[in-house]
Every structure is written in C-alpha cells, then in structure tokens.
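First to last, the sequence lines map onto chains A, B, C and D.
Take the first sequence: its position 191, counting from 1, is numbered 203 in the numbering used here, and each next residue is one higher.
Take the second sequence: its position 123, counting from 1, is numbered 135 in the numbering used here, and each next residue is one higher.
Take the third sequence: its position 186, counting from 1, is numbered 198 in the numbering used here, and each next residue is one higher.
Take the fourth sequence: its position 296, counting from 1, is numbered 308 in the numbering used here, and each next residue is one higher.
Because the hints were derived from the structure by calculation, they are not lab data.
Quantities reported herein were computed from a predicted structural model and do not represent experimental measurements.
All C-beta atoms, glycine included, are put in the ideal place defined by N, C-alpha and C.
Keep in mind that the hints are not guaranteed to be accurate.
Covered stretches of chain B (in silico footprint by chain D; criterion: 3 or more residues with CB under 8 Å from a CB of chain D, positions within the stretch not fixed) [what the hints assert, rightly or not]:
| id | stretch |
| --- | --- |
| 1 | 83-96 |
| 2 | 296-302 |
Chain D is faced by these chain A residues, among others (derived, beta-carbon under 7 Å) [to be verified]:
| id | residue |
| --- | --- |
| 3 | A64 |
| 4 | H300 |
| 5 | A351 |
| 6 | D354 |
Subject to a maximum C-alpha distance of 30 Å in a straight line, what follows is the list of computed DSBU-like cross-link-like pairs (lysine-lysine) [unchecked claim]:
| id | chain 1 | residue 1 | chain 2 | residue 2 |
| --- | --- | --- | --- | --- |
| 7 | B | K200 | D | K200 |
| 8 | B | K200 | A | K265 |
| 9 | C | K265 | D | K200 |
Protein chains: 4
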Amino acid sequence: MADVRVAVFGASGYSGEELLRILVKHSRVEIRAITSRQYAGQAVASVFPRFAETGLQFVFPDVDAIAPGLDIAFLSLPHGLASEYARPLLDKGVKVVDISADFRLRDPSVYERYYKGSHPAPELLPEAVYGLPEIYRDQLRQARLVACAGCYPTSIIIPLAPLLAADLIETEGIVACSMSGVSGAGRKVDLPYIFPECNESVRPYGVSGHRHLPEIEQELTAAAGERVVRMNFIPHLAPMSRGIHSTVIARAKAGPGEGPFVDVWRQCYGDEPFIRILPPGELADTKHVAYSNMAEVGIRCDPHTGNVVISSAIDNLTKCASGQAVQCMNVLCGLPETAALDILG
Amino acid sequence: MADVRVAVFGASGYSGEELLRILVKHSRVEIRAITSRQYAGQAVASVFPRFAETGLQFVFPDVDAIAPGLDIAFLSLPHGLASEYARPLLDKGVKVVDISADFRLRDPSVYERYYKGSHPAPELLPEAVYGLPEIYRDQLRQARLVACAGCYPTSIIIPLAPLLAADLIETEGIVACSMSGVSGAGRKVDLPYIFPECNESVRPYGVSGHRHLPEIEQELTAAAGERVVRMNFIPHLAPMSRGIHSTVIARAKAGPGEGPFVDVWRQCYGDEPFIRILPPGELADTKHVAYSNMAEVGIRCDPHTGNVVISSAIDNLTKCASGQAVQCMNVLCGLPETAALDILG
Amino acid sequence: MADVRVAVFGASGYSGEELLRILVKHSRVEIRAITSRQYAGQAVASVFPRFAETGLQFVFPDVDAIAPGLDIAFLSLPHGLASEYARPLLDKGVKVVDISADFRLRDPSVYERYYKGSHPAPELLPEAVYGLPEIYRDQLRQARLVACAGCYPTSIIIPLAPLLAADLIETEGIVACSMSGVSGAGRKVDLPYIFPECNESVRPYGVSGHRHLPEIEQELTAAAGERVVRMNFIPHLAPMSRGIHSTVIARAKAGPGEGPFVDVWRQCYGDEPFIRILPPGELADTKHVAYSNMAEVGIRCDPHTGNVVISSAIDNLTKCASGQAVQCMNVLCGLPETAALDILG
Amino acid sequence: MADVRVAVFGASGYSGEELLRILVKHSRVEIRAITSRQYAGQAVASVFPRFAETGLQFVFPDVDAIAPGLDIAFLSLPHGLASEYARPLLDKGVKVVDISADFRLRDPSVYERYYKGSHPAPELLPEAVYGLPEIYRDQLRQARLVACAGCYPTSIIIPLAPLLAADLIETEGIVACSMSGVSGAGRKVDLPYIFPECNESVRPYGVSGHRHLPEIEQELTAAAGERVVRMNFIPHLAPMSRGIHSTVIARAKAGPGEGPFVDVWRQCYGDEPFIRILPPGELADTKHVAYSNMAEVGIRCDPHTGNVVISSAIDNLTKCASGQAVQCMNVLCGLPETAALDILG
C-alpha cells in the first residue's frame, strides 16, 4: 500500500513528463490523477509514448473530484494559473508542491513588477516555503505549500548561498552567465525554439529583468544575512535539450586558492545526496548530471583578477524542476529523501 | 592572370580547409602550393572531399621549392612551428600571413609564460602587425608579417576597443564569458572532442590563464590609451560545430541607455563591411554569422546594476581565422577588402 | 547593369532566405521585389539578420505592381498558392521559377490524390519543365515555367536516372531510405520540430504515400524509357539543420563491382559542375555538401545479395531548392550555369 | 545482503559506464571489482564523474584475485580479448556475461571471416547462449556463458523474429537501414568521431560485410525455421549521442493492413516488460527509449508495393548492451527480470 497519494495538475509539458517519469517508479507513491485540459480523456502515452506501459490517462482538472483522499498535489502549470488551484486544494486539506513561479517571491509587489500582473493569491505567500531542500529542509518538513525553486535560481543559489553566508565572497559585483538547454523553455511551440533556429546557435536573452533575477537575489540576500545582493544575471540559450550550466564570477574575500571555498561547501553539503562538490579547481559539465537529480559544483580562483569563478551544472528538468519537487515531497511526507531519485543520470 | 600567388602551409586542419574554401574562389589569387607533411602527395580531396573538383594536391613544405615567385604565404601551423617557416619565407621576399599565435604578443616574455617555451623568433616581433583590419588597416598595408588575431580575441576586441578608446566603460572589472563551437579546438583527435563527450555538454575550461587572455589584454590596453585592462576571461565549450559567442560585462561610464555606445560603434565601424551593429538592446546570435566573415555586435544596458552587457558572435573559422587572414591579405595586396569574402553566410 | 531583373514571392521561409543569400551576390541579377504578406513593409533583416547590410525590404505580393519590367519571378510559396501567382505573372510576360510542388506532376489526377485537392492550374502543366538541369537542360533553355524538383526527388533521381536509362538496375524492388535535416520541414512552428523533440531523435514519417513519391516515380519511369518504376520511399527526420542523405537499394543488372555504374555516371555527369561522383565503393556524407549546390553520389555493390547500395547527399536548401532554382534561372537566361553558385560549401 | 556478487571487466568505455550506472542501484547486487588496465588504482569518478558518490575504484584485471566468491563476471572488453578472460573465469566457477562479440556466432569459420582472425576459444561456443532474453529466456536460466546480442542485431531481431517464425514476411529481399548514435562506436578517440565530423552529418558505413550482418542472419534464419535469411544491412552514423533506429523493409505474406503483424507481436511480446508495441501504422522514435531498456517496435504496410516497413528504436547503450546484460543476469540468477531496469528512460 502506498504511503502517499498524489495528483499531477498540468502534466503535458516537459516538467510534467519528467515528474511522471519519477513518480511512476516511486514505490511509496500512488498516482491518483494526472490532469490536462487539452488531453483529458486520452492516454498519457498518446502524448508521451514512454508511458505506454503505465496505462495512465489524463483527466480534466476538477479539484472537487480529485481532492478527496489526496495527500499531495503537484502543480505543473503556468504561473498565474497555479495559484488558482492552490487555494481550493489547500482548503480541502491537500498539500501543494508548486513547480510554477507563483509563490517563490515573498514580496507580491516584486511579483507584479516581473510577472506583469497583480499576484493572484498574496494571502498564501507567508506560509509558502521555498522548495530548495538543501537550504530549507527544516521548514519543508512542516510545510503545506511548497514553492519549488526555479531552474536558474537552483543552479546559482546552491553554490553561492554558503559562500555568502560564510562571507567568503563580496555581495557586490556578482555576475552570473547561465546557459540553458532548450527544454528550459518548456514544450513551447514557438519559432525561436524550432530545431534550425536553435542548432548551431548560442544567444543571450532576457538580459535585464529576467523573472528569475528577483528570486535569485531574494535568496542570496537571505543567505548573506540580509546584506543586499544585487547582481547581473545573463541567461543564454544553448543547442542542447537538457541541462543548465551557470558560471558565476565574484570577488573573493578568502584565499589564496580554492581551499576555503570548497571547505565551506563540504561543511554545508558534505552529506547532501544530491550535491557533488568537485575537487578544487575543477569545473562542472552539464553532461555529468543529465537525467539525474544531482547538482555539480566547482570553483576556481583567478589570481590574475582576485575573482573566483564558480561553475554549476544541473539537469533543468530534474534537480531544477521535477526531481526537486519529488525531493520536496519526500521531505514533506517523511519519506527517505532520495526515494525514486537515486539514479545516477 | 592572377594578381597574387599564394601558398598555404599546413592545410589539413579546419582553418586550412576554410582558407582553401575561400581562396579557390578568389578570382585574383593563384594557389601555388598547399603543404602537409602528413598528406604530401595526396589529393586535397582525400582529406576534404569538397575539393574534389579542384584537383589540388598536398605537397611537402619545402620552402626553397615553394618560395620562388610567391607573393604571400599563409601559415596555418601549430604555434612554435609557424615561426620556423616565417624567417626563411621573409628572407626570400615572401610576405607572411600567420594564423598561429607566434607573433601576436609583443612581449616575448609574456609568450614564454603562456606558451611554456622561449619565443622562437623574437627578432621578428617588432615588425609583426596584428591582423585585425578594422583596427590596424593602415599598418597592414605596409606589413611584411601579419599575426592574425585569435578567435576569442577577435570576438572581444572588436566590440570593446572603441568603447574603451572613447572612455565609455571602466577598464576595471571586465568579465568575458565566451562560448565556442568544437571546431575551435581544431581538427583535434582527443577524447574531450568526440561527439558523445561534447553533445548535451556545456563546460568552462582554461578559466585562469587561457593563452588568449594576454592577447586580449594587450589589445584592449592599447585601445584604452595604455590604461591597463586586466580582465576575467572564461571560455566555454558549447555543443555546436562553428561559432563563438562572447558576452562581456563591464561597468558603464555613459548612458543611460545604449545610445552612446552604439553611436561610438557606428562612428568607428559604420563603413566596415564585416561588422554588423545590432539595434540598441538587441544581442548577437552565432547562427546569424555562420559560414560568413561577419562579426555581429550588440549591447544592452542593465540599469539594475549599472553594467553594460555586450554580445558578439563570429564564425570561429572565418572572421576569427581564415576569413580574417584573407581579409588581411586583401589589404596587404591592395585588393578590394571584401574580395572572395562577400558571402552572407 | 544587371542582365536579369527578378522578384521573390514568399521569402520569409528557409528556402526564401537561401534564395536571397544566393541572389544578393549574383552579379548579373537585380532584385526588384521580395514579397511577404506577413512582413510587408518591414526590413528583410528583421526576419533574417544576415541581410542587415542589404537594406532589402519586404513588399506586399502585388503582381500588377511588381511585374512590369520583370524577367523572372521565383515562387517560394506553399503549394496551391504558387499556381495563383503563376498565371498572372506568365500573362504579363514574366517567366516563372516555381519552388513549390504545383507544376511537378504531369498528371493532375495524381496531384489531386497526393495533395488532397483539385489542381489549381492544370492548363499550365503541359508547358512546365521539370527543374533538374542535369536532365532537362535543353528544355529549360526555352521554358517559361519551371517546376523546380523537390528535395527528396533531387537526391534520388540524380543517381538513379542514368542507371535506369542504361538498364544497369532493375526497375522492380527499389527501396529508398532518406534522412532529412529539420529545415526540410520549412520554417514551420509545430511541436514535432521544436529542438527537444528533434534532438537525439531519428524517426521515419510519411512512410506510405509521401507527396514526393509520385514525383520520384514519374521521373524514374521516364528515365527507364517508360518501364514503370514503383518503389518504396521512406523518409526520416534526423537531428541536423540542413542536408538530405538518400540510401537507395536496387537489384544490380551489371557488375561485378561498381565499375559499370560509376562509368555511366561519368558519361552522363562527368562535366556537370554540381555533381560529385565518389570513387567506386565510397559513399556520400551530408557534411561534404553543406551550404553548397553540390550533389555527392556514391555506390557500393553488395555481392552477398546482388544488390547495389547507392548513396547521395545534398543540401536540402541549396541544390534541392534555392540553389537549383538559381541554376535553372541561369540556364533559362543564358547566364553561366554556375553564376553565384560556385561556392564549395 | 546482496544475492549476486559481480565484477565488471573493462569498465572504462561507454558500455562499462552504463553497466555501472545500472548495477550501482541494483539492490540485489554487490559490485566486487571493476577492472581497467589503463586506470587501475584510480577512482572510477576520475573517468566518469557521475560515480563520485560511489567511491568505486578501478583495479587491475587479475582473475585469480577477483574470481573467489564471485557469481557473475561481465566482460565489457574488445572482441578477442573477452575470450581470454572467459575461460579462466568459467574454470573458477564464475558465470560469464559477455558484451563483446566473441561468442555470438555459432560457426567459428564465420567469426574468422568477419573478425579477421581465428576464434580464440571455439570450444566454448557450443555452450554459449545468445543473450536476447525475449527469445532465449529458457536457455538463459541454465547458462554459464552468455553472449549478449549486439546493438544492431537486437534492433532487427526483436521485430523480425516473430514475423519470420509466423511466416508473415518473405525470407528473401529483406533490407535493413539502421541509424546509430555516435556512442555506438564506443568511447573511441578517432577522427571520424570528433564533434565537427559527426554534427550535421548522416553517412552510411560498413555497407557490405558489417560484423553484425552474420549475427543478424544467424538469428533470423533460426527464427525462420532454418529457411536461410540473406539480407542487405546498411548501418548509418547519425548526429546523436545515443540510440539506434532500424527501418526494415520486407515483402508481406499477410495483410492487408498491419493487423496480423501486430497480432503476432502481441502474442509473442504482449507480456514482455521491455518491448513496446506501437499501435498499427505508427513507427518508432529513438527519443522515446533514450536511457531506458525498452525496445519500441512499429509497422506500416505499403499497399503501393506490397511491402511492410518495420521500425524499431532502442537505446544502444542500454537495451542493446548493458541493460540487456543486466537483464540476462537477472534471468540467470533468478532475480526479477526488471530489477534495476525499471526506468522509463
């Protein structure tokens, strides 16, 4: 008998597919419902052939019908829409793990500025816990509403938070150059994402004012003990399907050498099952984490400038999205944190 | 009758292939010899099938046999080796366009530090002209020895030099994140470059002390009127065949808005046939310059931090290497600068 | 002064872009108009940044305004729509080079079966010349209306037609497995063509009844002296941007060895500027023809089965589409056939 | 306590990496040794960073030291070398699961012809069981020596064997066009496999006399009740990392329609956990099986020619190699056949 009964709201995108890929082999989970307005009534396999053997079906997202007896609802919906489901689900006693951006920013006015619209459920913000277990594990154990960390933020917060907390890098002048695979845009049918537009192409986008910027700064500022972190975040699209690589440049306050930085990572993350700390001087590679829930982090000092170069690699659909959502659920439900996630990529 | 008789020394790599691709359709050029120790005696088409129709053959790199009557020798050889050919060729009255790194650094002690060995021909350094026609056109007209600019340097110097010269950005704290296609490593048979190691992989390398760093700093310092530029240069390997994208972050001394920066580019480069200045706020894409000799440059201000984000895209085999070498030759020989290069990619 | 004044109808797709890329550097051509309903009034560079330097603009496709003084109209339009423009253009004395499929099939009832609709201009079919210069050069010289060969057909007809004409292979039992890059689907914004759906994916499609099948059979039957060729044609989508590779298996009527087959190719194509005949036993590679107007063909006998394996590689946007269209125009207008096409890829 | 103690001989290639990826999460398996001559004494993570968390080390392949107490030895070694280890391991009571080609061909003279050398251990051939559990499950239960099926053979035998056994297709005139990702060549450092040589490239190779041909024909002939199957097998290299797609064309003896063919597949494979039978008329896609042990098969009739087009997709490192090896071990050792393989890709 399963310990946890779950539903996935909005499962026809890549995050939804990845979430199902993990949940169907989670031995402690029973999938009660998978919703899709567009595909309701069809087999999940009609959209994602890999699920042919599961017999799973899409149903219409009817909260009243789905909520009874449910423990956890994953929301893999567009921002804005997720909030509309969170309220009634919580009211019916269902805990919510939201993969959208709706509950990540604590200040609704920041949400309004970056997401171009008033926040749909500001009253829920105070209780939302940011879904990054390596940092918020204790709060997650008690949470009713989890706001899973975004993909770029995960790749940047994990390596930087401990270094800022330990005061090893300056809060000023941080630059992050991130490169994302195309699935990071979702299963979006739009000209910039067709194969001939992406192949052999590297290009920055959203250079000033990307929606993940306030989320990153909020969390880094918290890590730095409320010293304000204001940074330059530059996402790029790279010709690959999966993976995010972030290269972060910061001014070192420790050193010489990578030792003090790696030591802090080891203290904070030494027992973390999903963080791989590379040997001093080695840097991360997206290929090492593909299809896994691992975050790989490395650091190299640049004595020429006095900077440190921090490099992280994460699978944008797993650790940055669906894998992390399951990790949060495992914490929330008191299951082993690595359950269904112990794949080596 | 051809105006210019040329030889290509070391033509079995990707730069050599690209050089031949351009030279065979250059109506003012006669190719006298194409050398390869490894393939001497074989048809060029046995290595590069696209040249089947040309009937070209590789010959042994015998300077005595090749030099008589020759106007220009292109050296597409490993660093160190190029210098050995430059001396005897110059002595026999042949002008040399060197694609290697041997004559790019003015200070031989810097060469020694970065290339791990004493400079093979320091006496030639004073007369070497840096092969970036947009900046050194006048000197190139009189040159006997051209040191073609490196690939990463071209992508960074072109957008930054005018902004430093006009004092629009700080010389301190510049960060450059560059992403190169795999052909940038040459036609190198080595584990990191096989397809399954590169595909779905983004990774930084050579983070402190890449050989192109002193070359970039030398030229940017010159552009800045000898105010020293010391920067953080972080190259990455991206899963594509061709192309370099550089994202450069610098502190703005002008603004608000991109106007003043783009204006300076337009003043400097408005008539340049191989520089495309994007509208203010738009950024570059490697796919726009593939197989062409164009450099695409764009800029976006980030009011959040007071930085500017500069983006450039170049085909690493053309504008950054062989195309630029031919452009230099055209200047050197008084031919139209765009001859054989007027392809739109 | 230009010899030929041309207009391009429907230039916002990949074939249109490639056509412009070739025409803008054709020294004997003046581009009078480039049409696009969607982008009329905008710079071509707003869609394809590589044309920023040309200053070209899209205009509305108004035949009355564009036809006067025009020599050639290229139609790079969807099938069905092309016919609507052909009639009025021909009436105004403009010769038409059509890249769509509208005039390729001689029998309008076959068109109806495969294109699901009655032929929009059957009265023009008798005078349409199939646009494959290597086979229809003489007829093209007099043509008013050219129906450029399709991409898969070009890759299959070029190697097979001479072998069937010389009776070296059986007309029965031919199988063609073709693999196309994604640009072959056009600049189409549809789920199957976004990057994560194409990358790491090889898949057949249109296995029975692809629209190019009757075109291939029509031309091979003609080549075989009206002995009916009925074949199995299986297109696949491969994770690349450009290129078509066709592997054709047929029963040999000659041999042993590749000699007789290659001899026939050499007789037919030995002087063709755009056909590369590989040495006996060697097979084609899409990478050898990228960005060029070349068709590469090779053959290998399989003594184990008595079959021959024929392999061809073509750039689907150049030799299979826009390059071939310009080649046809060159023939039509009495210009050197290789004008503006003499690029080695 | 683990049920099965295993060693992996030769684990520094892609098959070895994939094998470890599966074995480390197999709850019933204890990995006793991982050998590599080249890397003995180093951490496995030094070659494959994803194993950093396992602490595994490479050791020298010393059979005497490794065999005691061992149940199963996986041989992930080059052909020829595998046999040298098989003999002493069997002598010491260790069962052998060989991923190389050494024991696949029953007739040593065929081995000699295709592998250019006399068979190194012909006396072991009679007891070797062909490692394709869907067909040889009963024999595998008793086996001491398993010759795991090759990658192309797996993709072709699975769909064809039942159709030949049921006499639904002709044994004559079968053509198989297969496309493989580059990891199929192994972790081989050779010019044809570097990224710029593979990207944007589709090319056939080994067209007559590929080593997998006799293996395929041996098994299809067996399936056909010893009616000889002689076929044309044409492998291609495609620009992807993982995956094999095979398109097989055969003359139908049943029909009309796909029904009878799919019915036979359902009878044979309806309960197989690793075979996905697509609905009639749908064809396979490598992307659906990436990183999984699934074989996806589909069929489409071509009434135009009377042929059937059969399509299969398999991950060349999993179902075609390491996944299948573990599946064989599970059968051999009486473990659940899906243990450690129940990943959905």
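Results of checking the hints against the structure:
Here's how the stretch 83-96 of chain B fares: 0 of its residues keep a CB closer than 8 Å to some CB of chain D, so the rule of at least three is not met and the hint is violated. Counting residues of the stretch 296-302 of chain B whose C-beta lies closer than 8 Å to any C-beta of chain D gives 0; at least three are required, and the coverage claim is violated. Evaluation of the A64 (chain A) hint against chain D yields a held restraint, the C-beta minimum of about 5 Å falling below 7 Å. At about 5 Å, the closest approach between the beta carbon of H300 (chain A) and any beta carbon in chain D falls short of 7 Å, and the interface hint on this residue holds.
At about 12 Å, the closest approach between the beta carbon of A351 (chain A) and any beta carbon in chain D exceeds 7 Å, and the interface hint on this residue is violated. With a least beta-carbon distance of about 6 Å to chain D, the hint placing D354 (chain A) at the interface is held under the 7 Å criterion. For the hint linking K200 (chain B) to K200 (chain D), the alpha-carbon distance of about 13 Å falls within 30 Å, and the restraint holds. Under the criterion of a C-alpha separation no larger than 30 Å, the hint pairing K200 (chain B) with K265 (chain A) is inconsistent with the structure, at around 39 Å.
Taking the CA atoms of K265 (chain C) and K200 (chain D), the gap is about 39 Å. The hint is violated against a cut of 30 Å.
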